[in-house]
Amino acid sequence: MKVSRRLLTTSVIALALILIVSTPPPAVAESVLRVVMHSDLKIVDPIWTTAYIARNHGYMVYDTLFAMDAKGDIKPQMVDKYEVSKDELTYTLTLRDGLAWHDGKPVTTDDCVASIKRWAAKDSMGQKMMGFVKDFQVVNPKTFKLLLKEPTGLVLGALGKPSSNVPFMMPKRVAETDPNTQIADFTGSGPFIFKKDEWKTGDKAVYVKNPQYKPRSEPPSGLAGGKVVKVDRVEWKAIPDHQTAINALLAGEVDMLESPPHDLYPVLKQDSNVRLFNGNPLGNQYTFRFNVLSKPFDNAKVRQAVLYAFNQEDFLKGVIGDPTYYKPCKSFYPCGSPLFTTKGLEGLLESSFEKSKALLKEAGYDGTPIVLMHSTDLAVLNNLAPVAKNLLEKGGFKVDMHSMDWQTLVARRAKKDPPAAGGWHAFLTSWVAADILNPVMMGFMNASCDKAMFGWPCDKEIESLRDQFARETNPAKLKSIAEAVQVRETQYPTHIPLGQWYGAFALRKNVTGVLEAPVTVFWNVEKK
Amino acid sequence: MLGYIGRRLLATIPVMAVVALVVFLMLRLTTGDPAAIIAGDNATSQDVAAIRAKLGLDRPIAQQFVIWTARVLRGDFGESFFFKKPVATLIAERIEPTLALATCTIVLAVAMAVPLGVVAAWKRGTWLDRAVMGFSVLGFSIPVFVIGYLLIYLFAIELAWLPVQGYQRFREGFGGFIERLILPSFTLAVIYVALIARITRASVLEVLGADHVRTARAKGLGDAAVLTRHVLRNAAVPIITVIGIGVALLIGGVVVTESVYAIPGLGRLTVDAVLARAYPTVQAVILLFSAVYVLINLLVDLTYTVLDPRIRY
Chain A
1 MKVSRRLLTT SVIALALILI VSTPPPAVAE SVLRVVMHSD LKIVDPIWTT
51 AYIARNHGYM VYDTLFAMDA KGDIKPQMVD KYEVSKDELT YTLTLRDGLA
101 WHDGKPVTTD DCVASIKRWA AKDSMGQKMM GFVKDFQVVN PKTFKLLLKE
151 PTGLVLGALG KPSSNVPFMM PKRVAETDPN TQIADFTGSG PFIFKKDEWK
201 TGDKAVYVKN PQYKPRSEPP SGLAGGKVVK VDRVEWKAIP DHQTAINALL
251 AGEVDMLESP PHDLYPVLKQ DSNVRLFNGN PLGNQYTFRF NVLSKPFDNA
301 KVRQAVLYAF NQEDFLKGVI GDPTYYKPCK SFYPCGSPLF TTKGLEGLLE
351 SSFEKSKALL KEAGYDGTPI VLMHSTDLAV LNNLAPVAKN LLEKGGFKVD
401 MHSMDWQTLV ARRAKKDPPA AGGWHAFLTS WVAADILNPV MMGFMNASCD
451 KAMFGWPCDK EIESLRDQFA RETNPAKLKS IAEAVQVRET QYPTHIPLGQ
501 WYGAFALRKN VTGVLEAPVT VFWNVEKK
Chain B
1 MLGYIGRRLL ATIPVMAVVA LVVFLMLRLT TGDPAAIIAG DNATSQDVAA
51 IRAKLGLDRP IAQQFVIWTA RVLRGDFGES FFFKKPVATL IAERIEPTLA
101 LATCTIVLAV AMAVPLGVVA AWKRGTWLDR AVMGFSVLGF SIPVFVIGYL
151 LIYLFAIELA WLPVQGYQRF REGFGGFIER LILPSFTLAV IYVALIARIT
201 RASVLEVLGA DHVRTARAKG LGDAAVLTRH VLRNAAVPII TVIGIGVALL
251 IGGVVVTESV YAIPGLGRLT VDAVLARAYP TVQAVILLFS AVYVLINLLV
301 DLTYTVLDPR IRY
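Chain order of the listed sequences is A and B.
Residues in the first sequence are numbered from 1 upward in steps of one, following the working numbering.
Residues in the second sequence are numbered from 1 upward in steps of one, following the working numbering.
If you are wondering where the hints come from, they were derived from the structure by calculation, not from laboratory data.
In this text, all values refer to a predicted model and were calculated from it rather than measured experimentally.
Fair warning: there could be bad hints in the mix.
To be clear about the criterion: a stretch of chain B counts as covered by chain A if any three or more of its residues have a C-beta under 8 Å from a C-beta of chain A, and this derived list gives those stretches [what the hints assert, rightly or not]:
id	region
1	10-22
2	45-51
3	247-261
4	294-307
Every residue gets a Cβ at the ideal spot worked out from N, C-alpha and C, and that includes glycine.
Based on the provided sequences and hints, a complete structural model is requested.
Next up, the structure:
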């Protein structure tokens, strides 16, 4: 009995010692913002991939020469001042004072030129811009010139492009990495420093405040203005299960969810410690994409029939449900953006099934089933294909819907094989509005045949208009060219816009200062 | 005995080779393209092709297999397509949470199930027996994720006793480590408690009717001594077998539990890698799981000799 008691006492003391030794001392209080992003951070090179999570990572770590403000205007960011020569062939850019990389070395124009070159090798708008660039001329470590072959209105828009791929500035040694190889050095000059040693895939990515960062003096606006960091540390927690993420928010284990699913908003609204906030007023656009290589969609008339068969409301109701979070928008350009127009779309997208059937008859549609790819694992896309199938069938099409996970769809859409041999006719997806603000930026409007995105539309007229858009510098003329592209899109549809939808961040009430911007950013955010 | 162990270990080589070949082929024959996933939604076909070439995925499958096999034989599982890290490092980072979860679950399951099974057999036909068997049926019937959400709702949201999610490494503090393991372990243990308790009950019932138990009772031994010394030891072989199977089945169970509780373990790594078509990672993880499976079976077989001296290899 004595032995047992002694053993018990010794065990309790040993356990207590283990607990004391293994529990770290309380750290100095620092404000830590814990966020569940829309995806786990897997790739940390925002130029190598167009994945949105890598783009968001880019905004934490890197800075940009220009940035888009809340009104959609492009404003200098790393650039202090810029001048455009009278002949519009020379852009002279001067960097702000005090810009430094996370390792303390100054940001130089050599770094910027190398970064622009790497970005432009991957980004379609960058490639378009480089088509106009004759040369870069480094004047001194703070000033460089872009020398153009001919005038273009693309330069500022491209360098201030808000979404993937964003022209982030990297040190020259990093920017000289082959664009098709992922970078291994994560030194940036942005408002946060990436803690590579604390990055655990499937667990968390950690960013700490960059103490050297010198924000602009202007107030923050969209992605532009002063990037003032008000928390010491931001942790992106990887919680793949939506319900668990919401439970973690309700329990106060995390402070913010970037994209909770719409069907769980009622649960969040019931909690008095949580609020929903739409941080991206431009939202997103649902899109139906054609593969023009395969019959019957090689015939523009058949594709026009789809424009008659569809209506946007059915798609938006079917997926989002709550009208607070969607808006029918009969425009290829987002509602609320400068180029928004309904021109050419009058009478279309109204589910005029008789007109659709008449067009199919005129086009000689032989009843070939449309192989429609249906993504089943992403809540914001899942119901789109069944709605499309229903409307297409009512409009006179035969439809063969193939269900698959998104990643399988991503691989299959790259195939040019006939639909019966593993190819496809159509699929539905969603674009962040910031990616489709104009005809050059909008990937699905690229109609350059083999060089176009999957679906491979091939139309000289669209390409000629996009080229005119790239060359034009007058805002009024830009608008009329954008309208002309849209009108042409109704004659030669490359894709169909299916309306706009909005998501909301779910925030603990002690989190304030989240900015309205096309990308989720964490400067200006406070945790009280 | 050592000869037997050596032979069994040698026999794992062809097993692993077949697993390697099947996994390699299945992954390549499954639709999906890691290059397209890496490139992202806005990438062009040219971008995807360039990345595919960079990763060596444009080579013939046979050539890819030869390259991979040669590397594996040298102990190199390659580099993750996505994470810019060697696959071995990635796996090493994820082993601790899975190992901790599996160990806690098995300890918890055995500690609960064996006494329950013994009591159910000892009190056969009573309300206690029926209650244990009723719980057992429930344990089999309710999906792991439902149990997980119910426990989270009760103990993390309503009572706020335990955290909802996450994992804390042992070296970061024992309190946080164990606190975060309680709910996932209970969640995962339910099905194993059901399984082990049923087998224990059946096995104990069989031994309870044996001659040596009657003799032990006739000698005047108490219930506790009869159960522990004469019944349980003789009923142990099937129980150990089912615990062994349970450990192997845990590999599947941790996938769901790690997702529900956001634990960055091997289960989550496998799911993420499969969804992303991260070939080197999936291949390495499946090889590891196969090796664990084979070794557990060997361990179970060796345990028989300890429990029953009549068994010899």
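Hints breached by this structure: 1, 4
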